[in-house]
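**Q** Respectively, the protein sequence lines represent chains A and B. Terminal number for the first sequence in the UniProt record's numbering: 413, no gaps in between. Terminal number for the second sequence in the UniProt record's numbering: 296, no gaps in between.
These are computed hints drawn from the structure, not numbers from a lab. Any given hint could turn out to be false.
[Unchecked claim] In silico lysine to aspartate or glutamate, EDC-like type, Cα no more than 20 angstroms apart, as pairs:
| hint | chain 1 | residue 1 | chain 2 | residue 2 |
| --- | --- | --- | --- | --- |
| 1 | A | Lys177 | B | Glu149 |
| 2 | B | Lys65 | A | Asp401 |
| 3 | B | Lys262 | A | Glu64 |
| 4 | B | Lys262 | A | Glu98 |
| 5 | A | Lys183 | B | Glu150 |
| 6 | B | Lys262 | A | Glu195 |
| 7 | B | Lys262 | A | Asp97 |
| 8 | B | Lys262 | A | Asp298 |
| 9 | A | Lys183 | B | Glu149 |
| 10 | A | Lys148 | A | Glu166 |
| 11 | B | Lys65 | A | Glu408 |
| 12 | A | Lys239 | B | Glu149 |
Quantities reported herein were computed from a predicted structural model and do not represent experimental measurements.
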Amino acid sequence: MKKALFLVVLVAVMVGLTSNVMAETVTVEYWNLFGGGDAEFMDEIVAEFNASHEDIEVDVTRLEWGEYYTKLKTATASGNGPDIAISHVTRVKELADEGLIVPLDELGENVGIDWTEYNTNILSGAEINGEIFAVPFDTHPLVYYYNKDLLAEADLLAEDGTPKMEGSFKDFLEKLKSDSSAKYPMTNWTKLTEEGHYRVWWSLYSQLDGSPVISGDEVTLDKAKAVEAINYMKDLYDKEYSPLHSEYMENVNLFRNGEAASLLTGVWITGTLEATEDLNFGVVPMPQIFDNRSVWADSHTLVIPYSRNVDQEKREAALTFAKWATDNGHLWAVAGHIPSKDTIKEKEEFVNMPYRMDYVKAADYVSFDSAGSYTWSIRTEITTALSKVWNNQITAEEAVDQAVTGIERLLSR
Amino acid sequence: MKFYNQLSDRYPFLKALPFLLPFAIVYFIFLIFPIFRGFWMSLHRWTMIRNMGFVGLDNYLYMIKDPAFWESLGNTLMFVILSTPTIVIGGLVLALLANQKIKGQLFLKIAFFLPYVLSVAVISSIMVYFFQPHSGLLNGILQSYFGVEETIFWLGEANLAWFVIVFATLWWTVGFNMVLYLAALQDIPESFYEAAEVDGATKLQQLLYITLPSLKPITWVVTLLQIIFSFKIFSQVWLITGGGPGTETRPIVQYIYETSFKQNSMGYGAAMAFAFFIILVIVSMIQIYLRNRKEV
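With the hints as extra help, turn the sequences into a complete structure.
**A** Dropping the structure here:
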């Protein structure tokens, strides 16, 4: 009995001692939603940060992509949220409206964040009613990858290794189809129920200067422009420039094994393509089809979830990490993403990386589709309507009407 | 302690109480309480994190007028109608096959049952790889060896998508029904068949007049379980077709999930979930009623 008591005391003393030591370093609980290659690069960034900061320990928790926001929101609301978390820029308004994240203007200045260093286009997505709610970390627009060997077969490769697009984009694809050995001139993610279509549609709609889908509680979709964008895409599929119904990895693999001559997808796939043997590829920003160069994109940002007991020291430590991670954006660019700070784009480490400089300008063209709490639902409504057009069930006009009716129903709930 | 003993002598249920309590508490917290909580939520406008105010039966009125609710409920019913007979009969046929006194009988049993131990994520990935249009296994085989020219969009057309979903579920879960049937087959006394053989009954007659009638009770159990499993359809559809094309294979559970967690409307999601719960209670009551009548 005495022995047991002695042990208990010993353990208690040890716990007491260790927690004293711990008190000197601030532990920052950090949640993210990365998977695959992204996750590994992020872990390396955290490891490097921890190694270079003795007083701060960032503790990463990686959550499943599909469940991420459900968990982040419910945990934060019940007071068990992390100290810092990744959020897509298109989710920031929703989180801010719900009061789940805190404004960062002042906090940022305390740790020396200079907001003017960030790409203004990306930063504007994180700004709500004049207050900044998120530290932009990257942006990942759609870009256009092409197989140099297959383009050369059709005499569509310029001397500097870029695609020769003299006529329209469809002329280019037509020539690629007839004169190259590729089975498909292009591929994009066309599984009917997935967002792939929507991303291309949003890019085209934005290139036509389309208005936001909703403003406040009102649907403000520009129907004529929406129809024009749909008809353009319908033609791409009807002429078999891009195969319909392809699963995500399937469409990437069609490009990797040379069956498709080009690939329209997000920058995140650069790392995967680089690791593909015998693939001689290049990349440019998404081609301009209509009036301007807009392109669908989203951004990863770092946000500070609301907590009842404000621990200033912890928040500053968390933002120190955010600042450090964005200051060292070239580490993250390895995954393919475009860094959020314009200053990184001059860093040697970044400039020397292949491919990244070819699409870095796309950051200036990105167009975010954030519609507050409705963003997700609107994407789903439009994706569903689009898929019915591809399946020849309804016309483009009917699809737009159906999407509008669906969105109005959402707003009335 | 003495007091408790005296008391429990008078009220015998007190003796049972400590044994029942642990289960009862868990059952209450995880089953009974959520039912009432869900009903309570369905009477409010409720986002993922907070109660936005009482709205009475508005969510239910919205539901009745919501075409997406009826479509997804119809899809779930469609799946029940398609899958229940297929998987029940499939289980019976496989059990009869595996029950033959032939070589490799053990191998058959294992082969039929094996997919059941896989998780839904695994079988769904296999199915997507098998049925995807441009580099899928099935289209590859059809195009290379059977001279099929066009690309068949297994997941892109409603009828084919239904076929894929039912096929995937059949392959995945039929082993469970087979095991239940196998157990029942072992219970039929060998003497029945011997007597039939002496009387000159053919194998077919033995099957029709001995085997099948003896399997009637287990068929009720299997059908009952299958109908309830089928009503709960969600994961394999979510992972294979995503409810598509469009929303043509989207089951009610998926719609409830999307509404509650993706569209941030827990109140409306709860209303639909509660309505679905009532439907299931009615279905179960009909089944129990029919079975009791049979037994009488």
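**Q** Can the restraint linking lysine 262 of chain B and aspartate 298 of chain A be considered satisfied, given a maximum Cα separation of 20 angstroms?
**A** holds, 18 angstroms
**Q** Decide if the proposed pair is consistent with the structure: lysine 262 of chain B and aspartate 97 of chain A, CA atoms, cutoff 20 angstroms inclusive.
**A** holds, 16 angstroms
**Q** Can the restraint linking lysine 148 of chain A and glutamate 166 of chain A be considered satisfied, given a maximum Cα separation of 20 angstroms?
**A** Holds - the C-alpha atoms of glutamate 166 of chain A and lysine 148 of chain A are around 17 angstroms apart, at most 20 angstroms.
**Q** Has the given pair, lysine 177 of chain A with glutamate 149 of chain B, been kept, meaning a C-alpha gap of at most 20 angstroms?
**A** Satisfied, since the Cα-Cα distance of roughly 19 angstroms is no more than 20 angstroms.
**Q** Does the structure keep lysine 262 of chain B and glutamate 195 of chain A at a Cα separation of 20 angstroms or less?
**A** Holds: lysine 262 of chain B and glutamate 195 of chain A sit about 14 angstroms apart, inside 20 angstroms.
**Q** Run the distance test for lysine 239 of chain A versus glutamate 149 of chain B: straight-line Cα separation, threshold 20 angstroms.
**A** Cα-Cα ~17 angstroms, so holds.
**Q** Check whether the Cα positions of lysine 65 of chain B and aspartate 401 of chain A lie no farther apart than 20 angstroms.
**A** Satisfied, since the Cα-Cα distance of roughly 18 angstroms is no more than 20 angstroms.
**Q** Holds or violated: are the alpha carbons of lysine 262 of chain B and glutamate 98 of chain A at most 20 angstroms from each other?
**A** Measuring from Cα to Cα gives roughly 15 angstroms; hence the hint holds.
**Q** Check the hint pairing lysine 183 of chain A with glutamate 150 of chain B against an upper bound of 20 angstroms on the C-alpha distance.
**A** holds, 14 angstroms
**Q** If you draw a straight line from the CA of lysine 65 of chain B to the CA of glutamate 408 of chain A, is it 20 angstroms or shorter?
**A** Measuring from Cα to Cα gives roughly 14 angstroms; hence the hint holds.
**Q** Next pair to validate is lysine 262 of chain B with glutamate 64 of chain A; report whether the Cα-Cα distance is within 20 angstroms.
**A** Distance ~15 angstroms between lysine 262 of chain B and glutamate 64 of chain A Cα, so the pair holds.
**Q** Lysine 183 of chain A and glutamate 149 of chain B were given as a pair; does the straight-line alpha-carbon distance stay at or below 20 angstroms?
**A** holds, 14 angstroms
Checked against the numbered hints given earlier, the structure satisfies every one of them.
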